[in-house]
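Since chain Z is already given, all that's left is putting chain L on it; use the hints.
Going down the list, the protein sequences come from chains Z and L.
In terms of our numbering, the first sequence opens at residue 1 and continues consecutively.
In terms of our numbering, the second sequence opens at residue 1 and continues consecutively.
A couple of the hints might just be wrong.
Pair ranges (Cβ atoms, derived) [said to hold, decoys possible]:
id, chain 1, residue 1, chain 2, residue 2, range
1, L, A177, Z, R236, 20 to 28 angstroms
2, Z, R236, L, E167, 35 to 43 angstroms
3, L, R192, Z, R236, 27 to 35 angstroms
4, L, P237, Z, P57, 32 to 40 angstroms
5, L, P148, Z, E179, 52 to 60 angstroms
6, Z, G101, L, A78, 55 to 63 angstroms
7, Z, P74, L, P237, 45 to 53 angstroms
8, Z, E179, L, L172, 49 to 57 angstroms
9, L, V275, Z, R244, 24 to 32 angstroms
10, L, G101, Z, S102, 22 to 30 angstroms
11, Z, S102, L, D252, 22 to 30 angstroms
12, L, V306, Z, H220, 31 to 39 angstroms
13, Z, S102, L, T175, 58 to 66 angstroms
Pulled from the structure, derived: some chain L residues nowhere near chain Z, Cβ distances all over 12 angstroms [unchecked claim]:
id, residue
14, T175
15, A239
16, G324
Sample of chain Z residues facing chain L (criterion: CB under 8 angstroms; computed from the structure) [claimed, not checked]:
id, residue
17, L233
18, A273
19, G276
20, T280
21, V281
22, R287
23, L290
24, R291
25, E294
26, I300
27, A304
28, L305
29, A309
Since the hints were derived computationally from the structure, they do not count as laboratory data.
Cβ atoms here follow ideal geometry from the backbone N, Cα and C, with glycine treated the same way.
There are 2 protein chains.
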Amino acid sequence: MNVTDELLVLGAGVIGLTCAWRAAQDGHRVTVLDPAPASGASWVAGGMLAPVTEAWPGEEELLALGVESVRRWPGFAAELGDAAGRPAGLRTDGTLVAATGSGDRAELDALAVHLGRLGRPVERLTGRELRRLEPALGPDVRGGLSVPDDLAVDNRALLAALRGACERAGVLIVTRAAETVLDDGARVLGVRCADGAELAAAAVLVCAGAHSGGLHPALHGLVRPVKGEILRLAMRPGAFPPPRRTVRALVDGRPVYLVPRDDGGLVLGATQAEVGFDTTVTAGGVRDLLRDAERIVPGIAEYALVESAAGLRPGSPDNLPLVGAVGPAGLLVATGHHRNGMLLAPVTGDAVAALLRGHPVPGPVRAADPARLVGTRR
Amino acid sequence: MNVTDELLVLGAGVIGLTCAWRAAQDGHRVTVLDPAPASGASWVAGGMLAPVTEAWPGEEELLALGVESVRRWPGFAAELGDAAGRPAGLRTDGTLVAATGSGDRAELDALAVHLGRLGRPVERLTGRELRRLEPALGPDVRGGLSVPDDLAVDNRALLAALRGACERAGVLIVTRAAETVLDDGARVLGVRCADGAELAAAAVLVCAGAHSGGLHPALHGLVRPVKGEILRLAMRPGAFPPPRRTVRALVDGRPVYLVPRDDGGLVLGATQAEVGFDTTVTAGGVRDLLRDAERIVPGIAEYALVESAAGLRPGSPDNLPLVGAVGPAGLLVATGHHRNGMLLAPVTGDAVAALLRGHPVPGPVRAADPARLVGTRR
Numbered sequence: 001m002n003v004t005d006e007l008l009v010l011g012a013g014v015i016g017l018t019c020a021w022r023a024a025q026d027g028h029r030v031t032v033l034d035p036a037p038a039s040g041a042s043w044v045a046g047g048m049l050a051p052v053t054e055a056w057p058g059e060e061e062l063l064a065l066g067v068e069s070v071r072r073w074p075g076f077a078a079e080l081g082d083a084a085g086r087p088a089g090l091r092t093d094g095t096l097v098a099a100t101g102s103g104d105r106a107e108l109d110a111l112a113v114h115l116g117r118l119g120r121p122v123e124r125l126t127g128r129e130l131r132r133l134e135p136a137l138g139p140d141v142r143g144g145l146s147v148p149d150d151l152a153v154d155n156r157a158l159l160a161a162l163r164g165a166c167e168r169a170g171v172l173i174v175t176r177a178a179e180t181v182l183d184d185g186a187r188v189l190g191v192r193c194a195d196g197a198e199l200a201a202a203a204v205l206v207c208a209g210a211h212s213g214g215l216h217p218a219l220h221g222l223v224r225p226v227k228g229e230i231l232r233l234a235m236r237p238g239a240f241p242p243p244r245r246t247v248r249a250l251v252d253g254r255p256v257y258l259v260p261r262d263d264g265g266l267v268l269g270a271t272q273a274e275v276g277f278d279t280t281v282t283a284g285g286v287r288d289l290l291r292d293a294e295r296i297v298p299g300i301a302e303y304a305l306v307e308s309a310a311g312l313r314p315g316s317p318d319n320l321p322l323v324g325a326v327g328p329a330g331l332l333v334a335t336g337h338h339r340n341g342m343l344l345a346p347v348t349g350d351a352v353a354a355l356l357r358g359h360p361v362p363g364p365v366r367a368a369d370p371a372r373l374v375g376t377r378r
Numbered sequence: 001m002n003v004t005d006e007l008l009v010l011g012a013g014v015i016g017l018t019c020a021w022r023a024a025q026d027g028h029r030v031t032v033l034d035p036a037p038a039s040g041a042s043w044v045a046g047g048m049l050a051p052v053t054e055a056w057p058g059e060e061e062l063l064a065l066g067v068e069s070v071r072r073w074p075g076f077a078a079e080l081g082d083a084a085g086r087p088a089g090l091r092t093d094g095t096l097v098a099a100t101g102s103g104d105r106a107e108l109d110a111l112a113v114h115l116g117r118l119g120r121p122v123e124r125l126t127g128r129e130l131r132r133l134e135p136a137l138g139p140d141v142r143g144g145l146s147v148p149d150d151l152a153v154d155n156r157a158l159l160a161a162l163r164g165a166c167e168r169a170g171v172l173i174v175t176r177a178a179e180t181v182l183d184d185g186a187r188v189l190g191v192r193c194a195d196g197a198e199l200a201a202a203a204v205l206v207c208a209g210a211h212s213g214g215l216h217p218a219l220h221g222l223v224r225p226v227k228g229e230i231l232r233l234a235m236r237p238g239a240f241p242p243p244r245r246t247v248r249a250l251v252d253g254r255p256v257y258l259v260p261r262d263d264g265g266l267v268l269g270a271t272q273a274e275v276g277f278d279t280t281v282t283a284g285g286v287r288d289l290l291r292d293a294e295r296i297v298p299g300i301a302e303y304a305l306v307e308s309a310a311g312l313r314p315g316s317p318d319n320l321p322l323v324g325a326v327g328p329a330g331l332l333v334a335t336g337h338h339r340n341g342m343l344l345a346p347v348t349g350d351a352v353a354a355l356l357r358g359h360p361v362p363g364p365v366r367a368a369d370p371a372r373l374v375g376t377r378r
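Next comes chain Z alone, as it looks inside the complex (with noise of 0.2 angstroms):
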């Protein structure tokens, strides 16, 4: 086994490629292993930056993590634009959330109760108010939210900064699988690869979304893949423009979500399926979004449908994430983000870095310690 000294990051997604900018910029020498770098769920990504929107009436913890790191998310933007010498992606139109049938604005009215049980209230807005904003929002929206903090990034201009600033920082990004994390039963001894090799590193930080579970016997269960399906869709001349915010809604009971992109593309998501490591698009998945995009936006119908694809998110058992330190000594794990990988990059890449130096996370992250999770594997 090489001898190295250097902190191993599994997984060159957003958590990944953020917590291995992070930690060379502290000085680390930093290397991450991915089979195939930035082209897992983070590319597939939508990209909303939504921890109001995502909100859920029990999960206040995550609402709180996502509060945080949207407030962080600006200045990390900016700091990584310059620091990769191109933009980071980062889009503060706001967001709307949009109801049609009288189900679907009372789960919304639902929501903005519970914002403002906790002292984030949101605006109400009426169908017509709602157009007035996007006038691409078509006449089935009779209700909705606006909520103007809620932003989003262009997933994919966020990874080529990622990527640059990792490379201006010194990181080496290399092309292999991790197979598993090594230990001797006390202390973290490096990871081996699938190609054989083993890596020796006293750190070793695993970033690798719904493929985590599998990298060391401390996350086995812990981490579940949550298939999405996503369309990329591009205006055509002549088409009615795409909404400035990202728009949010709830068709009959189903959610979907289109992000506008600065080059006049949308992204619509996205499925949710637990199906395992099957990253398959299905007829099913595709109608399904087209219908329910179209409801809200009619004008996509004469855009071009330029991708389809399927990514998996890593769900936990409670959906708050897992970051902190996990079984033997040395081993640090970044994972379990599940919807929310974009949203929280900064905040965990901030985490990370904490732990790395031994000082205390940033509060909010406290409740994503996995230590919580002992015990409650399935």
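Relative to the frame of chain Z, chain L by itself:
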């Protein structure tokens, strides 16, 4: 200008390649020019060989032409397979036509009556009888027709076989765009290419599909692009198997078809739009195809969506193709096959071979003489 005595064929789609192969079999030295061989409408096509289920009152000449060509198909496929050393992709499982609502069933009844009057009776079936033949048909299918003589071909296998047969017969397929056919007012002189080169030839055959109209003034306005969008699906493990037969349907007045492939694939087509030279796949087109096809074969919801594409059918003013001499001496045309290029390839190839020999064309091809359209162009 280089002087050659070759037959220049403009267009390497199914018609151009078939004619080139036939001409080479007759001893002609054949060069085919195409900026992107075998990539246009022929590549996108569904591959139905379906004159009867395409029949429409008032288009009896097209029906006769199609019936003549489908009769030639098994021999053509066998000969082509031998010549190419690979299968031509013919499937002989026949075709069902399915209808859902009462309006759609009335349309099919009218088609059945029409075909009966023409002496081509078709079998009418109830929904239950249809499902006995093809269990993949859904409960919304209330009635339809069985047309065992309407066949199908794997268009991409066919193109590969035609290229192979052309190559073995000495046909030169050149990746180069023709710009215009040159003549001296009386006779063809050759072709000027988009790159400025001029190729001399005493005989030029225009098989450039929707692009044919721009290649010589005698063809202006005779062919127009008719856009069609198509999806390719693949069965996944555990999904309900696809039908064996080609299934055509009317769904609330919209035609849709599902053409099975030998590998478990299924081609869904096709939208129809006259929007110029536009091959964008639209969200609305995909939505229509998925929605309508799923009404007929519900199991496709679980299939993988593996490809979406659009092609430009070459439409003619009267829906009959243009096969024959036109304009200056030495200019031949075989285009305007609209939805029927795959179907009409055998009879078109035989007709062009006859024209090159100075023989009469097969009887039903006489109706396709472009002379009929002089004075009708738009």
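Quiz item: Any of the earlier hints contradicted here, and which numbers?
Solution: 15, 18, 19, 29
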